[in-house]
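Engineer: Work out the full structure, taking the sequences as your base and the hints as a guide.
Given next are the chains, with one letter for each unit.
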Amino acid sequence: MINFSYTIWIPLLPFLMFLLLGLAGHKLKPKLSGLLGTGGLGLITILSYVTAFKYFFTSEKVDGAYQKIIASNFTWLQFTDKLHIDIGVLLDPISVMMLVVITTVSFMVHIYSLGYMKGEKGFERFFAFLSLFSFSMLGLVLATNIFQMYIFWELVGVSSFLLIGFYYQKPSAVRASKKAFIVTRFADLGFLIGILILSFNTKTFDFITLTDPMGTAIAQGGGIAFLGLSVMTWSMIFVFMGGVGKSAMFPFHIWLPDAMEGPTPVSALIHAATMVVAGVYLVARMFPIYALSAPVALNVVAYVGAFSSLFAAVIACTQTDIKRVLAYSTISQIGYMMLALGVSGYGGHEGLGYMASMFHLFTHAMFKALLFLGAGAIIHAVHSNYMTEMGGLRKYLPITHITFLIACLTIAGIPPLSGFFSKDEILAAAFHSNKLLFAVEYAVAGLTAFYMFRLYFSVFWGKDTHYSHEPHEAPATMTIPLIILAVGSVVTGFIPFNKLVTSDGKIFESELELMIAIPSVLIGLLGIGIAYIMYRKESAVPDKLAATFKYSYKWAYNKFYMDELYLFITKKIIFRYIAEPVAWFDRHVVDATMNAIATVTQGVSYRIRGFQSGQLQKYAFVFITGAIMLSILFIYLWK
Amino acid sequence: MDILSLFVLIPVLTITAILLLKDTRQVRLVSAFGMGLQLLMAAVLVYLYLSARHAGNIDEMLFVKDYLWFKSLNIHYAVGVDGISVAMISLTSLVVFAGIFASWEVEILKKEFFISLILLATGVFGFFISIDLFTMFMFYELAVIPMYLLIGIWGSGPKEYSAMKLTLMLMGGSALLLVGLLGIYFNSSPDKNQLTFNILEISKVVIPLPAQRMFFPLTFVGFGVLGALFPFHTWSPDGHASAPTAVSMLHAGVLMKLGGYGAFRVAIFLMPEAAHELSWIFIILTSISVIYGAFGAIAQKDLKYINAYSSVSHCGLVLFAVLMMNQTAMTGAIIQMISHGLMTALFFGLIGMVYGRTHTRMISEMGGLMKVIPFLSVCYVIAGLASLGLPGLSGFVAEMTIFVGAFQHPELFYRIVTIIIVSSIVITAVYILRVIAILLLGPTTNEHFEHLPDAKWFEKISVITLIGSVAAIGLAPFWLSTMIGTSMHPIIERILALNPF
Amino acid sequence: MASNQIMFILFSAMIIVFSILTVTSRKILRAAVYLLFVLVSTSGLYFMLNYQFLAAVQLTLYAGGIVVLIIFSILLTSHISQNFESSGWKKNIFSAIAALTGAILAIITILEYGFTASTEAAQQVDMRLIGKSLLSVDYDGYVLPFEVISILLLAAMVAAIVIAKKGAPKKIVLPKLNQE
Amino acid sequence: MNSGIPIQYFLILATLMFFTGVYGFLTRRNLITILMSVELILNSVNINFLAFNRYLYPHKLEGMFFSLFIIAVAAAEAAVAIAIIINIYRRFATINVEEVNEMKF
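Protein chains in written order, with the working numbering: chain A, 1 to 639; chain B, 1 to 501; chain C, 1 to 180; chain D, 1 to 105.
By construction, these hints were calculated from the structure, which means they are not laboratory data.
Incorrect hints may appear among the rest.
What the hints assert, rightly or not - Keeping only pairs whose Cα atoms sit at most 30 Å apart, straight-line, the calculated DSSO-like set for lysine-lysine is:
hint, chain 1, residue 1, chain 2, residue 2
1, B, K460, A, K571
2, B, K456, B, K371
3, C, K91, A, K618
4, C, K90, A, K618
5, C, K90, D, K60
6, B, K371, A, K31
7, B, K460, A, K170
8, A, K170, B, K22
9, B, K22, B, K460
10, A, K31, A, K121
11, A, K554, A, K170
12, A, K118, A, K395
13, A, K121, B, K22
14, A, K571, B, K371
15, A, K82, A, K203
16, B, K460, A, K121
17, B, K371, A, K27
18, A, K68, A, K506
Structural biologist: Okay, structure coming up:
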């Protein structure tokens, strides 16, 4: 047995860094705090790689399956004898894989930020928040129980809130951060309710007990029914609601595009590579329950994923803000992962979708981080977010151009880049399970290639725009992470995920299915081709098309008016028709009742004060009559 | 001299010292010293308590002292603490300590202000250490009355109205409460022995069920008025809005906890059967408090009103959890009291400090304060995050304990209500973020605010004391939870033994 | 009819008639004189009951002291010839009804109650006994009330002087009740 | 001296005197006549005390002493009352009780 107890330092180190930078950051030189943060993260990146290596290659397997190892665990809060929140470290294939993803991307983003955020006010605050985020995200993936996950789930939410609102004097950033927090908070409500139902029925929070395929939790959970679905299904749907919120699936996707108000490295780290895939990770974590005990909930996962990926891809085709295009593309790609999980089964080749989903999560983290960091470099050079104001940048930003192109090819699924492999596995899994979903994903693959190359061509080719000042290539701190990530995007496709990360921990055989792979590459090329025609040079085609499909274009451009719908619900219904009436009711009914009691008392006393007339003889008369009456009462009547 | 009576004695001595002072500038130093000593005593008490427990002392109440006071009615001055009271005493001494520093710059009638403030604290301390219903009630009244002066004299806005309203409503609650307590007293000995006010002795007998049915609602509502139970909460917004900073802190932070603590220690503990039978009514009322208070807070424009409604919501959660009558939920209720006490004291303290600088509490008139007064703003954000239940701060621990505990209730009705209650976390997030966004973030709207000074040293002491406690509970909740939980255990055992449901 | 019965009837008749005249007379000085008659008749009753000392006190203190005091104050505050305006008939009637009801009630009670006269030998009340009792601290002693009454009289004297002392009466400003 | 006169006679006499005093107290407006009514009431009570003492407890002296003290208190009361009346007269220029009614709401 290998000792993994040091892994507790992986989340703990960034936390200490957060405390250091948060409490003493303003006393340090900005550069020093940046380097401290980056150095700390470099350290845990190394630790993570070591852990991954030890876990996958030297830890012993039982029955051919990777074991779930509790590296450390202590009780944080005791509820009842059986229910307690532990804080600990759970190592299993997906958590180790996530460790690698998070630390790699986070490290890259840290280095990148040293250049990108240079000279910004609040530089040390930025690194403190990044450390807080890294801590929370690592705690999330290493959680040993569902409540620990919920704790860190909330913490990543708040670090995301803090980072989106980093430019706190910009009203749009403030609005976006608020929106992100509240929307995900609403989804977390579902997560919490799911946890409550789950724990009530299984009397445990512990992942290992919960997800043991032979365990009591899975066996007993299906029994009790409520409104036609088993309790386990209900709880899993609620838990998935949390995942929908965090992963920005439809209908809780609205916060993600707005979240692009944050600094670009943050978008790369949180809103592309790591935090937003937490929902996928959650479903993967609970996967045995979904697959064995709550298949209806798993279907919900599949359909939500499929719909979101299509929906977001359509919107992405019309957006002009490059970060928003990437944001919708993220939603779409995460939809893919959700779908893959949704169509997967448990164990062996059945679990192809599960493996594909994790594979795609891994590769997506690389190329999407690359895309965002590239976008950051572009914005850094041009000082604009809008691709309408860009064009012909390939001359000015050669490194960015190349790496961006690699990323675009990867996401479009062109072999032999990593996106091709992972996407292909997903399509294969969908094909074997549900033809309708397969068809949707097939179309989305084409759309993806189209909108990514629309972005690519209009930024780097297209019209030659005159810039107010000459765009220049980013400094080395920014380009090095780009290059590393580009290499990652190329090579990660060759990692044999079917031997490492599978639904039941055992190896299964999977091979490239050419019947699926070839058409998917073709449709990708088709998308690229269309984009080439339309955006390679300045052309009137896009405008014409937009004019032809005026209404559908307008709807897609306005994101199908989802924001307006939400605004209507929150502003009009909740604020105008619930909160304000409640406040009014409180003042004018409840409080008025209390005041009315006081007023009535006062009125009565004004009425009866006339008795106190100051006429001595009246008092005496009343006194004597009273005395006589009492005498009569007690002598004659009260026998 | 026993250690518990010191908690009443130290404030009284402080008051005496203040009375004897000639120089009004020294008043605050003496107060700070007295309350600092009190805080130290609280720490000593925690230590003594834990070591006594560690040494294997399993009595229900520790450090019990009993002096006969009025023989004819068998009234005693009886004190004793368990883990719950120790926790509440620590909370009180923290909040009072912070409150003294928050009112460092009171301008008029300094002496009288600090005397009233400490008198209030005396009442609260006395309430928490008493195990005799009569003494308890006496201290309860002692805590409520100085409020009238504190708001009426040092308040702002329609202070006379607010002070009058608050005092009258609380007195109305006291009237119900007195009837309830006397009802308990006269039923405290079914076999016609000596009647008693002692909680421990009463808990050993079963009060006849008809009497419980009559006196449980009286006692519960009586305490509930102070715990802001819907619909008896309306004193809270006006009272808090008019009260000076330290008084808001003490009132929301500590005094409102008297309601929750009393409802738990007296109403539920002594009359569990009726509590179980009638809990559904009060469950409905408290859930209305929780949701309604939160929605009420969304629509407010005045910072203090927002916080007052938020207190209604959070204190509703306390009463709700107490009514669930199982160990986890009730432990959660106590943690929630402590957590909310610290958090809301922090909030009111910060609001007072912001108000002292901007001279307005209307959120629409402020904006972008983060840039101008970063220390206070960051603290405000932390307070807000604690209030909306961020893990790592105390609110999360309390709320989760309540939710998990309440959801273990065997009846479906209670679980469904729990789910409704859980949704309050979203509403809380909405109003907290709304305030933070408008008040602190964004561009600085008013040029008069460009050069406001940030926190002074005494303000920092006040704020850091509270934030430190909030974070300590949030990061390491196990000791608090264990301390309360072990004390809760015998209580729950008794409730269940009398009442097998 | 024994002589003492005749005397009793005489005194009773005087007391009742002059009492009624005292409270109904329209002229205040006359009322005072009627009161004097009542008090003198009462002292006659005391003689009949064999309390000579008390009768003497009644005569000197009441008839001599208080009535003179009252007459002085009448002279200070009113004109001798001044007639009272009659008070309202409603008031008179209701008061009369109340007084009559009370009287009837009391008389009925007295008549219904069976008093049993004591058979013990009457104690001779002489001055020596009274003096001893007043200054005695024994069971039958009255030294405490005696002392208290002396202080009371002193206090009354002081109070009478202070209250009636001449001096500009201070205008008392009554606080107006807050209507709202 | 009192043989052949039942105690009830004294009591009825005292009752009548008492309620005459009450009637006077209720109807007269002049403060001095009110004071006189009070004297009547006190006297009737004295008669009661003495009658009870003589008829029911002839071997004791309580009734007599009580009367004695009542007379002393009455003297003091009269002195103070007259002082008050004179003061009122100075303050209000009247001793009509109906016009002296500042002690109202």
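Engineer: What's the verdict on B:K371 and A:K27, does the C-alpha distance respect the 30 Å limit or exceed it?
Structural biologist: At roughly 17 Å apart (the allowed maximum being 30 Å), A:K27 and B:K371 satisfy the hint.
Engineer: Check whether the Cα positions of C:K90 and D:K60 lie no farther apart than 30 Å.
Structural biologist: 46 Å, violated
Engineer: Tell me if the straight-line CA distance from B:K456 to B:K371 falls inside 30 Å.
Structural biologist: Within the cut-off at roughly 17 Å; holds.
Engineer: Does B:K22 lie within 30 Å of A:K170 when you go C-alpha to C-alpha?
Structural biologist: The given pair, whose Cα atoms are some 53 Å apart, is violated under the 30 Å limit.
Engineer: Just to be careful, I want the Cα atoms of A:K121 and B:K22 compared with a cutoff of 30 Å; is the pair within it?
Structural biologist: Measuring from Cα to Cα gives roughly 50 Å; hence the hint is violated.
Engineer: Would you check the hint for C:K90 and A:K618, treating anything up to 30 Å between C-alpha atoms as holding?
Structural biologist: 12 Å, holds
Engineer: Within 30 Å, alpha carbon to alpha carbon, are A:K554 and A:K170?
Structural biologist: The given pair, whose Cα atoms are some 28 Å apart, holds under the 30 Å limit.
Engineer: Is the Cα-Cα distance between B:K22 and B:K460 30 Å or less?
Structural biologist: The hint holds at about 28 Å.
Engineer: Given the hint that A:K31 pairs with A:K121, does the C-alpha gap stay at or below 30 Å?
Structural biologist: 12 Å, holds
Engineer: Is the straight-line distance between the alpha-carbon of B:K460 and that of A:K571 30 Å or less?
Structural biologist: 37 Å, violated
Engineer: CA of A:K571 to CA of B:K371, is that 30 Å or under?
Structural biologist: This hinted pair holds, its Cα atoms lying about 28 Å apart.
Engineer: Given the hinted pair B:K371 and A:K31, is their alpha-carbon gap at most 30 Å?
Structural biologist: Satisfied, since the Cα-Cα distance of roughly 22 Å is no more than 30 Å.
Of the numbered hints given earlier, the model fails hints 1, 5, 8, 13; all others are met.
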